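There are 4 protein chains.
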Amino acid sequence: MRHFLTALLVMILTAHIAIAQSQPVLNLELANKIADAAQEKATSENWNVVITILDQGGNLILLKKMDGTQIGSIEVAQLKAKTAFEFKRPTKVFEDMIKGGAVHLNTMPITAVEGGLPIFKDEHIIGAIGISGVTSVQDGIIAEAALKAVSLN
Amino acid sequence: MRHFLTALLVMILTAHIAIAQSQPVLNLELANKIADAAQEKATSENWNVVITILDQGGNLILLKKMDGTQIGSIEVAQLKAKTAFEFKRPTKVFEDMIKGGAVHLNTMPITAVEGGLPIFKDEHIIGAIGISGVTSVQDGIIAEAALKAVSLN
Amino acid sequence: MRHFLTALLVMILTAHIAIAQSQPVLNLELANKIADAAQEKATSENWNVVITILDQGGNLILLKKMDGTQIGSIEVAQLKAKTAFEFKRPTKVFEDMIKGGAVHLNTMPITAVEGGLPIFKDEHIIGAIGISGVTSVQDGIIAEAALKAVSLN
Amino acid sequence: MRHFLTALLVMILTAHIAIAQSQPVLNLELANKIADAAQEKATSENWNVVITILDQGGNLILLKKMDGTQIGSIEVAQLKAKTAFEFKRPTKVFEDMIKGGAVHLNTMPITAVEGGLPIFKDEHIIGAIGISGVTSVQDGIIAEAALKAVSLN
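Residue numbers (the working numbering), protein chains in the order written: chain F, 15 to 167; chain P, 15 to 167; chain R, 15 to 167; chain C, 15 to 167.
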């Protein structure tokens with residue numbers, strides 16, 4: 015009985031340590047699903063956009079530029095995703111803050127325009143999506159539709 | 015005769031497909047004409063400016079700094095052309111949006127000052143012009159005069 | 015009938031002029047095909063790489079990072095594609111030149127490592143592919159396999 | 015008489031100071047002449063290059079990209095001119111030094127490839143020319159032909 019309890023304790027502690035030392039990741043398969051959902055939504059609305067996905071380290075793992083999208087969106091889509099990832103919030107939050115008077119935030123290394131969303135799983139940030147190409151409100155609609163299409167939790 | 019007409023039709027359709035998969039370009043000859051018109055307008059007004067022309071890939075193919083123009087305009091003229099090219103619209107559009115309250119656009123990688131215009135041919139963007147050196151309104155007047163001087167469509 | 019043929023001839027010549035002043039493009043559909051072929055080759059060899067495709071303007075229109083690829087390859091794959099596009103030649107050409115003694119080329123803004131190839135169609139450069147993740151020879155094998163899988167001419 | 019001599023002395027000294035505080039300049043007219051000579055030489059050889067001219071402050075005052083020149087030459091031509099200007103010597107000097115064993119110069123912020131030449135007038139450096147597009151030896155031939163075509167001293 016004593017040995018059994020000791021073994022149980024070891025198992026629980028090991029599991030706990032294992033959980034504490036790992037984080038969920040965003041792999042290419044999931045990124046493809048998110049990007050496909052984004053492209054499907056954009057196509058259904060006849061919108062052209064650049065779609066970017068960052069992983070749990072904030073690294074670009076997927077980028078697609080739909081035909082006809084303005085060239086500037088290649089950089090902007092990445093910047094929106096970067097801002098959403100680095101500050102764990104939708105870029106629209108910063109947009110609203112600046113529009114609401116917090117104009118000093120223009121000095122921050124952020125892109126405060128709707129269309130960037132962090133991606134969470136079990137309360138961990140596992141990446142971000144950045145959309146650019148149409149109006150920022152439309153960019154935001156695509157980003158939200160893309161994340162809704164996959165079940166992360 | 016019938017075979018001849020069929021062959022002709024095939025040739026026309028083939029050419030049409032080739033056009034659909036290609037885009038018009040802005041060569042040095044056209045860039046020179048646009049820049050000469052810009053310089054002529056500037057000279058007639060006794061203004062000094064830097065003139066920049068980007069091609070269909072957004073690459074700098076012509077730059078001229080008129081004597082006496084402030085040094086900062088060498089970079090600004092290029093940035094205005096870049097913004098007009100990358101976002102397919104006059105830089106004044108962004109200037110007006112930010113002046114009108116969309117101050118969060120200050121976080122975008124754009125130069126939101128009048129004087130940059132995209133260049134279109136048959137609904138394709140084939141380049142951009144950027145002017146800097148005098149007031150931004152005057153820069154804009156030169157850019158417009160330059161594009162009006164050449165017939166693109 | 016004569017007027018009809020004349021009209022046809024004019025149409026054909028007009029189309030021809032339009033083609034002469036334009037260049038072929040690399041769209042997302044073609045980029046997807048090339049990237050899929052690259053990923054298939056990499057998977058078959060059990061290699062992990064980042065795949066990047068630039069379009070006819072040298073702009074990034076597709077990027078995919080296969081799971082497990084080293085993070086540095088995200089930038090290197092883009093740099094290889096950039097070098098291949100900007101100098102219209104395989105990056106291996108520069109690698110061989112530098113290895114062969116032209117060490118002053120290390121001061122050039124290039125990435126002289128195998129794995130980047132320009133993409134041509136009808137003698138026009140329409141883009142480039144950049145691969146990074148395994149050895150540079152293996153990166154080059156993937157790039158070549160990817161372009162061979164699509165018929166461009 | 016005394017007042018006259020004093021006045022004369024003041025005039026001479028003022029003139030002397032004025033000369034000491036000025037430097038010859040490279041204006042757009044001269045830059046155009048140099049660039050035209052470069053383009054003429056390139057055309058006569060059926061070569062395509064980017065031509066760049068810097069002024070006495072090292073600022074870009076003229077850039078022309080001949081049709082068909084590789085995109086990378088837009089940056090490289092500027093870098094060659096910058097190196098020639100900043101170090102008051104032909105870029106080939108650095109190329110030869112590195113090829114000759116001084117490989118540590120690869121850590122310098124220079125572009126050590128033939129095709130960049132400083133422009134002197136009365137022992138003052140008044141600018142630089144940078145050529146890129148064909149082989150570096152050919153780039154150098156164009157740069158030399160361009161400067162020979164204008165009489166600077």
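To be clear, the hints were calculated from the coordinates, so they are not data collected in a lab. Just so we're clear, the structure is a prediction, and the values are computed from it rather than from any experiment. Take these hints with a grain of salt, some might be off.
[Said to hold, decoys possible] Once the Cα atoms are required to be at most 20 Å apart in a straight line, the calculated SDA-like pairs of lysine to any residue come out as: (1) P:Lys113 x F:Thr121; (2) P:Lys102 x F:Ile139; (3) P:Lys113 x F:Ala116; (4) F:Lys47 x R:Leu42; (5) F:Lys47 x F:Ile139; (6) C:Lys102 x C:Ala159; (7) F:Lys47 x R:Asp50; (8) R:Lys47 x R:Met80; (9) F:Lys113 x P:Gly114; (10) P:Lys47 x C:Glu43; (11) C:Lys47 x C:Glu59; (12) F:Lys113 x P:Leu119; (13) R:Lys113 x C:His118; (14) F:Lys47 x R:Glu54; (15) P:Lys102 x P:Gln84; (16) P:Lys47 x P:Leu119; (17) R:Lys135 x P:Val39; (18) F:Lys47 x R:Glu43; (19) P:Lys135 x R:Glu43; (20) R:Lys113 x R:Pro123; (21) C:Lys47 x P:Glu54; (22) R:Lys102 x C:Gly82; (23) R:Lys102 x C:Lys102; (24) P:Lys135 x P:Glu54.
Which numbered hints turn out to be false for this structure? The structure conflicts with hints 2, 15, 16, 19, 23, 24, although it agrees with all the remaining ones.
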